[in-house]
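Novice: As a plain string of letters, each chain reads:
There are 4 protein chains.
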Amino acid sequence: MPRRLRWGMVGGGRGAFIGHVHRMAARLDDGYELVAGALSSDPERAHLSAADCHIAPERSYASFAEMAAQESERKDGIEVVSIVTPNHSHAAIARAFLEKGIDVICDKPLATSLAEAVALRDLAAARGRLLGVTYNYTGYPLVREARELVAQGEIGRVRLVQVEFLLGWLSVPLEAEGIKQTWRIDPAVAGPSGVVADIGTHALHLANFVTGLTLDELSADIQTFVPGRKLEDNAFVGLRYQGGARGSLWASMVAAGEPVGLRLRVYGETGSLAWDQSLPDSLHLRPLDGAPRTIYRGHAASPAAKHGTRLVAGLPEGFVEGFANLYRDYAELIHARAEGRAPHAPALLAPLAEAGVEGLAFVEAVLQSAAKNGAWVKPAAAC
Amino acid sequence: MPRRLRWGMVGGGRGAFIGHVHRMAARLDDGYELVAGALSSDPERAHLSAADCHIAPERSYASFAEMAAQESERKDGIEVVSIVTPNHSHAAIARAFLEKGIDVICDKPLATSLAEAVALRDLAAARGRLLGVTYNYTGYPLVREARELVAQGEIGRVRLVQVEFLLGWLSVPLEAEGIKQTWRIDPAVAGPSGVVADIGTHALHLANFVTGLTLDELSADIQTFVPGRKLEDNAFVGLRYQGGARGSLWASMVAAGEPVGLRLRVYGETGSLAWDQSLPDSLHLRPLDGAPRTIYRGHAASPAAKHGTRLVAGLPEGFVEGFANLYRDYAELIHARAEGRAPHAPALLAPLAEAGVEGLAFVEAVLQSAAKNGAWVKPAAAC
Amino acid sequence: MPRRLRWGMVGGGRGAFIGHVHRMAARLDDGYELVAGALSSDPERAHLSAADCHIAPERSYASFAEMAAQESERKDGIEVVSIVTPNHSHAAIARAFLEKGIDVICDKPLATSLAEAVALRDLAAARGRLLGVTYNYTGYPLVREARELVAQGEIGRVRLVQVEFLLGWLSVPLEAEGIKQTWRIDPAVAGPSGVVADIGTHALHLANFVTGLTLDELSADIQTFVPGRKLEDNAFVGLRYQGGARGSLWASMVAAGEPVGLRLRVYGETGSLAWDQSLPDSLHLRPLDGAPRTIYRGHAASPAAKHGTRLVAGLPEGFVEGFANLYRDYAELIHARAEGRAPHAPALLAPLAEAGVEGLAFVEAVLQSAAKNGAWVKPAAAC
Amino acid sequence: MPRRLRWGMVGGGRGAFIGHVHRMAARLDDGYELVAGALSSDPERAHLSAADCHIAPERSYASFAEMAAQESERKDGIEVVSIVTPNHSHAAIARAFLEKGIDVICDKPLATSLAEAVALRDLAAARGRLLGVTYNYTGYPLVREARELVAQGEIGRVRLVQVEFLLGWLSVPLEAEGIKQTWRIDPAVAGPSGVVADIGTHALHLANFVTGLTLDELSADIQTFVPGRKLEDNAFVGLRYQGGARGSLWASMVAAGEPVGLRLRVYGETGSLAWDQSLPDSLHLRPLDGAPRTIYRGHAASPAAKHGTRLVAGLPEGFVEGFANLYRDYAELIHARAEGRAPHAPALLAPLAEAGVEGLAFVEAVLQSAAKNGAWVKPAAAC
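Residue numbers (the numbering used here), protein chains in the order written: chain A, 1 to 383; chain B, 1 to 383; chain C, 1 to 383; chain D, 1 to 383.
Read the hints as simulated data drawn from the structure, not as lab findings. Treat the hints with care, since some could be wrong.
[Said to hold, decoys possible] Derived DSSO-like pairs: lysine-lysine, alpha-carbon spacing no greater than 30 Å straight-line: (1) 75(B) <-> 230(B); (2) 306(A) <-> 378(D); (3) 372(C) <-> 180(D); (4) 378(A) <-> 378(B); (5) 378(A) <-> 230(A); (6) 378(C) <-> 378(D); (7) 372(A) <-> 100(B).
[Stated by the list, open to error] Okay, the calculated beta carbon distance ranges per label pair: (8) 348(A) <-> 243(D): 55 to 65 Å; (9) 179(C) <-> 243(D): 27 to 37 Å; (10) 243(D) <-> 337(C): 28 to 38 Å; (11) 126(B) <-> 41(C): 45 to 55 Å; (12) 228(D) <-> 177(C): 50 to 60 Å.
Backbone N, C-alpha and C define an ideal beta-carbon position, used for all residues, glycine too.
Isolated chain A (complex conformation) (with noise of 0.2 Å):
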């Protein structure tokens, strides 16, 4: 056990779900000390809500730029920061922080462009700091033994991948009632998509990352199904991947009675794997004729699902922990780098800003497709 990082965070007052979110996965594996932060806009939201994290009034900043200025100076400054503010300002606080030298853990998407999120990604190599974009989906054990299986060969060479992430609780404006949460679909805040950039992007990366396919092309059929709604809020999109494989991504938030429906099942020449982001503890393994097998987290066999795993099989866990792997993740990485070392090979596999750079090219590339009724267009980046 290492010491714990030195922690800040942008973002995430009183209220705010993914901050909290955020904070819960760092502090499971105690790997993190959150000392510093701007978690507000609001400068008595942002006090209150420091002091209930125990943060030192004088590390309780009223910007973002302040913070990073001044966490920079200081000796005992923050070596890390958390960024999980709505989508349009993630670009600026992170180059704010990289510029400082400071390592980002950002939430997802990274920017709102794709030329943004490229001017990130090459700012983070550039000064040597880790860019982590958390799409945290991947971080569930059972994902990670999915990948390991598929790289493996254990149902062959992949043919079909069908993903989806299914909300229902925007079957209805809620935006015209002014609930805070649906910045999600202001493109003043979230950009220029809807739907897609918000979860579209994270079935791509689980689908992406279990297969470890590269996404050639994409046919888009994209709706606004409820009425005022300013972006889109259902996406079909088509996939042809580069080798041959094929599939389906569909992303919604007006899917009404679905909770938060992550699913991914990929099809390959012998066999075939399913998913359940609901589930979590549970990889379906379906053999070309023979009886399907359940595999549980706790009896996961490679080497990344083990390392993510706390509790036996049997004993559940869930989003949080599943969150603190990046988290781990990312920590891992930043103490590698610091004592000139590889870093653990689980490590390797949280998403950084090339991440964020696909994500932001697969939401270019949908919305091209969608404006020429669907026609087959290649995203400007792998994805």
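Given chain A, work out where chains B, C and D should sit, using these hints.
Specialist: Chains B, C and D in isolation, oriented as in the chain A frame:
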């Protein structure tokens, strides 16, 4: 309980799968008596098969043409015939019996071209004969319940449909081994389409039956994954329905590890429903924010579902029972016509020639769209 | 395919549930032709019911005694009769037909006392007639597969058995409303036991069939929860098997919310298996530390399971199909005897008089133990 | 958010399972700061383990006695200690800290005899200290929801309870291999009972918590299946509750193939509920004749369930989160006492010394009944 109909069969000799199913389905409710057949084009096999079925030797025919001719001459000749031969022969056989005034129950697809299907539909109408097409999955009671629930507004106006029919056993080139049941991917027998005609049409019929929607246009991406295969073995089809609903249909014969994966999900403005053919006694209803409910077959409320149910909830019914519901419906339609009365309402749900026409229109539109790299195509007839 | 057996039925008139099931089961494989019946003690009902079943009026009898007498005189008289009346009449009816040399298929329980059951078994043996008792749940293919897997040592020596049969619909005093099917808790008709005789014996037969074990002693705690009810409606029974295995059997008619909860789990030294009647097409195998596997009906490997299977995996079979397997077995036993040959092996799994005797021995031991506040009691006959 | 409690731990050094769980649970909500420990009886291991936990070297103690003595002298000494050692040492350690006025959170069972447990309960009461016993499964939000639903009459008056806790990993004589975690079946460490004390008490606590019932008498049949094992590894226990409800409890360590099978079913006069620890985010409600409903964690309605929920429905929570709810409750009880106010209502659900006493009373009654071949025995204290 009316008298048993005098019934004949073309195809379905020893070793045939679907012919056996039709016979079990017809027997279950005791509404048919099998008295004549042309069960195989191989005379010896035809003879033995007829004996298996307790058909008198003199009513075991060497050809469907002879059977149609002779049975239509007998005073106690068959009233209705079932056609369970490979696809390419359906149309000629159906025509032969319809022209003799004998009612026809034809396995799907009705024909191998839309033109043939339309001609058969028109012939049946002109002769005033029944022309049933056994899209049998809509015989399941809970599928009928689902249709009724949608019609009653249980999930609100339909926005999204996802339907899939996935098989795994043809993931390998079984046709190269001369296995008989691979005729479905032999263009000489199956017609110009493989997986779309074979099972894609089942999926479409199921989706349209439950939602009550009519397809406006579709976009298809089809593939042939197995080397040497002559027809497509996978298809992703985007669906745009009249009135604005959108959907996705997936049919595959190379979904390794899937026994019979026919699944439907329908999302409306206020909830959704889901049904899986392999667990047909449960229908899942998910309201927008509330607790999902499972409706068991024996608890269904609609007259059509109740009518199609033989056992209490908890005692499972299956494929044969669902299939038998079509046979019961067809018998009712025949008896009602003979008696000059309106049929009982549930019998009106049985798929007739129009469903067969829709299936062929769908197949042809899919092939056209695929040939144009997924351009949106309007089917030539309602589907 | 042998010729159809000439078959009669006692009980099972209009509105009767289990008689209808027997008829569907017998028809499914076309091995029986229903030609005579005493379908109801109400003459008008008997007449109408016979017409429903296409029984000639002259072979619709006013009583089972008349039927046994007249049919045994006819050259084309019935060869086998099914008894589907309430419990208290089983023994006398079975005796009447056995004495005329007619094979008998009797719904369970075989009688209402052990002494009667033993006498019937001995009578059938003395006359060389079949006396089947329809413990139908062991007709499911995967139950037979489970038995074979246990016998082959797939889960090692059996240590623990848990079996339950739970119904909810009698959670309220329906008998006070004069509902016909409540005869099963009316001691004048059902005999001295309610839930134990009615469904507890099914559970016991299932457990013993799969494990191949013989009960050594039992301890019972029985209750009557519904006010005014005259027979027990819940029973917890501890099981000690010969050879050291232990178990627990639970039968209840007051398990509110359970449609038909018949479930079996067997744990051996190296693994376990589980089966649920409401999802009969899946058998779950769980090795000691490995990935659980699901065997689908169509993939079962044992000859008995394969023989009892009509459809490929993924096309569901249900209660009628499992029941039909007994009918097919009984027909095979009758034909084999007539032909002087050994029956096909799977037919030897069908429950006969001995199973009926075991059931009554179990019922009597449960009542004795309960009367002694749960003292361990050895059944008077093997069970 | 109140300040973090100064917290110590006895046991839980490197490689220990449950100590790690306690630490993750305590960290999740950031209510505790681990500042002292006697983490192992092996000094080197204790030292290394303390460093892992960021405990200052001078507060890593060689024994619990030294720790209690020194910490109680420090101004910044621990306020609360968690005991995560094997069973036989719980009582002495708890006593040592309670006598110094330090609050105690003790893993279950509280002691190895009822007398010890009673004495500890009385000591805690006399000193006015918290004595928590981590029957952690009642910390799951939907278990608390279930309790509330039963209390509100959702399923009517309770009639039947079935609860089981099944483990498979000790199906083989691992203790012969010297594996550390087998202490639970070593009488020198575990006390006089194996599976009943280890997990049977969890099952009982769960059943009693949800139903609100008090056990009147029990009848036990216990076995030791694994050759050479010194304590029972399987137990079937009949339950008779005050007021007339009956039940069945099954605890096993030889249920091969079961990872952690803790499952509860409760049947009332008008419905039933079911919950499975391995899928803790779903609670199943089955009305008498209607459609079963599934309540997801994020949709629970009771204040206690809502309070124990961190994530929306569809994002899974697990074992650590449920455990953390107890830690949060204990912290609230401690803060409320310090502040002289009533604790928030949900905290009153956390298991305290009384639950520990009930557990030991249950264990002793089970052993007594088993010694009398299953005679019904009344526990010496309420349970």
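Novice: Is the hinted pair residue 372(C) and residue 180(D) satisfied, with a Cα-Cα distance of at most 30 Å?
Specialist: violated (44 Å)
Novice: For the pair supplied as a hint, residue 378(A) and residue 230(A), confirm whether the alpha-carbon distance does not exceed 30 Å.
Specialist: holds (26 Å)
Novice: Could one say that the CB atoms of residue 179(C) and residue 243(D) fall in the range 27 to 37 Å?
Specialist: holds (29 Å)
Novice: Evaluate the given range 45 to 55 Å for the C-beta pair formed by residue 126(B) and residue 41(C).
Specialist: About 53 Å separates the Cβ atoms of residue 126(B) and residue 41(C), which means 45 to 55 Å holds.
Novice: Does residue 378(B) sit within 30 Å of residue 378(A), going by the straight-line distance between their CA atoms?
Specialist: Within the cut-off at roughly 26 Å; holds.
Novice: Could you say whether the range 28 to 38 Å given as a hint is met by the Cβ separation of residue 243(D) and residue 337(C)?
Specialist: violated (57 Å)
Novice: Do the alpha carbons of residue 378(C) and residue 378(D) lie within 30 Å of each other, as the hint requires?
Specialist: OK: residue 378(C) and residue 378(D) at ~26 Å, within 30 Å.
Novice: If I claimed the Cβ atoms of residue 228(D) and residue 177(C) lie 50 to 60 Å apart, would that claim hold in this structure?
Specialist: With Cβ atoms ~58 Å apart, the hint holds.
Novice: Range hint 55 to 65 Å: satisfied by the CB atoms of residue 348(A) and residue 243(D)?
Specialist: holds (60 Å)
Novice: Between residue 75(B) and residue 230(B), is the straight-line Cα distance small enough, at 30 Å or below?
Specialist: Judged against 30 Å, a Cα distance of about 46 Å means the pair is violated.
Novice: Assess, step by step, whether the Cα of residue 372(A) is no farther than 30 Å from the Cα of residue 100(B), and give holds or violated.
Specialist: Not satisfied, since the Cα-Cα distance of roughly 53 Å exceeds 30 Å.
Novice: Are residue 306(A) and residue 378(D) close enough, with their CA atoms no more than 30 Å apart?
Specialist: violated (46 Å)
The structure fails to meet hints 1, 2, 3, 7, 10 from the earlier list, while all remaining hints are met.
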